[in-house]
Amino acid sequence: MKKRRLGKTGLEVSELGFGCWAIGGSSYGSTDDRESIRALEYAFDAGINFFDTADTYGHGHSEELLGEVFKQPSKRRQVVITSKVGWDFYHGGNKKNFEPDYIRFACSQSLKRLGTDFIDLYQLHNPKPEMIEEGNVFKVLAQLKKEGKILHWGVSIHLVREGAAVIQNGTSETIQAIYNMIDQRIRRELMPLCEEHEIGLIAREPLYCGLLTGKYTRESRFTKDDHRNRWTEEKYATDLEKIERIKNAFGPSKVSLKQAAIEFALSEQAVSVVIPGMKTVAHVEDHLRAVRSPQLGAEGIQRIHQLYEEGELFQTGFFRN
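In terms of our numbering, the sequence shown is residues 1 to 321.
There's no promise every hint is true.
Here are the in silico distance ranges between beta carbons for each label pair [stated by the list, open to error]:
1) 230 / 12: 36 to 44 angstroms
2) 37 / 143: 17 to 25 angstroms
3) 196 / 133: 34 to 42 angstroms
4) 244 / 77: 42 to 50 angstroms
5) 146 / 2: 27 to 35 angstroms
Quick caveat, the hints were computed from the structure, so don't treat them as lab data.
Cβ atoms here follow ideal geometry from the backbone N, Cα and C, with glycine treated the same way.
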C-alpha cells in the first residue's frame, strides 16, 4: 500500500482509506457488525491505516466498532483515526451544533466510544460558510489539541468557497471534500490552494454515494434507512445519465466502473487519501484492486475531465449531505 503525506500534519497515510459512514448502520441500509469488523480487520492487514468516521454515523456505532477493532495499543499506534463533530444527536433530534461546550462534550464521548486517549484528526462536520469565515469555532479545537485530546484538526466542507475560507483562516491542517467523476468542482480552484498551503486533502464520496459502483438502475429503490431515499426521481435519473456518459468515455470493457472511480480520485496529486465507504470484506477487496492493478490510465482520466468540463449536464444536480 502506497502512502502519502497528509499535508502539514506530517502523518503518512495509506492512499486508500476506509470510509466508516456505512458501517454505522443508519444511512446505507442494514449492516452486519461481524462483517463490518471483519472488513476493518481485513483492511488493516492489507495496509490501510486511515479510518474516517464521525460521531453521528449510527449515533456513535461506527466509532464503537473502530474502538473494538483497535483496542489493542499495538494496533492503535499503527492507525490514523479521524472523527467529526457538529451534528448533535444527544439532546433530541439531530441538529447542527458547533458551540464550544458542545464540541468539548462530543469529543469526550467520541474518545470513550473509540476507547482511546486521543483522536488523530478531529474535523468540523460541514459547518456553515459564515462560521468558517468568522473563525471563532476554531479556538476550542486549538484548546483540545493543546490538551492532547486531538492531535490534528480539520474541516469537512461542501463548497470551494468554504475550503478557501478554511485555508485563509490559516489554522486548519486538513480539508475533507467531495471529489469523484461526477462532481469535480474542487479540482480547478481548491486543489491548487491545498497544495500551495500544504493542506491535507481527504477525498470523500469517490463512488458518489455508491452510484459509481454501477449496480444501480432506474428500477432501483432505496430503503427508509438509506439516506439516498431523499433524492428526487429527477436527480436520480440525471445521475444515471451522467454515469452512462462516463462509461462510454473510458470504455467499460477495459476497467470496471467502481475501480475506475477509485483510480480517478487517486490520480490527483493534491489528494492525500481517498475514503470510499466500505461495509464488507468484498468491498475492501474491490477497492484494493484499484491501487494494486490500476487500469484506467492517463488518457481515460483526461477524457473524464473533459467530459465534465464540456458537458452542461454535469453542471447540475449537486447536493449536500
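Status of the hints after comparison with the structure:
1. Between residue 230 and residue 12, the C-beta spacing of about 37 angstroms keeps the proposed range 36 to 44 angstroms intact.
2. Roughly 34 angstroms separates the CB atoms of residue 37 and residue 143, a value that falls outside the hinted 17 to 25 angstroms.
3. A C-beta distance of roughly 19 angstroms is found between residue 196 and residue 133, which places it outside the suggested range of 34 to 42 angstroms.
4. Between residue 244 and residue 77 the C-beta distance comes to about 46 angstroms, which sits within the given range of 42 to 50 angstroms.
5. A hinted range of 27 to 35 angstroms holds for the C-beta pair residue 146 and residue 2, which are about 33 angstroms apart.
Hint compliance for this structure: hints 2 and 3 are not met, and every other hint is.
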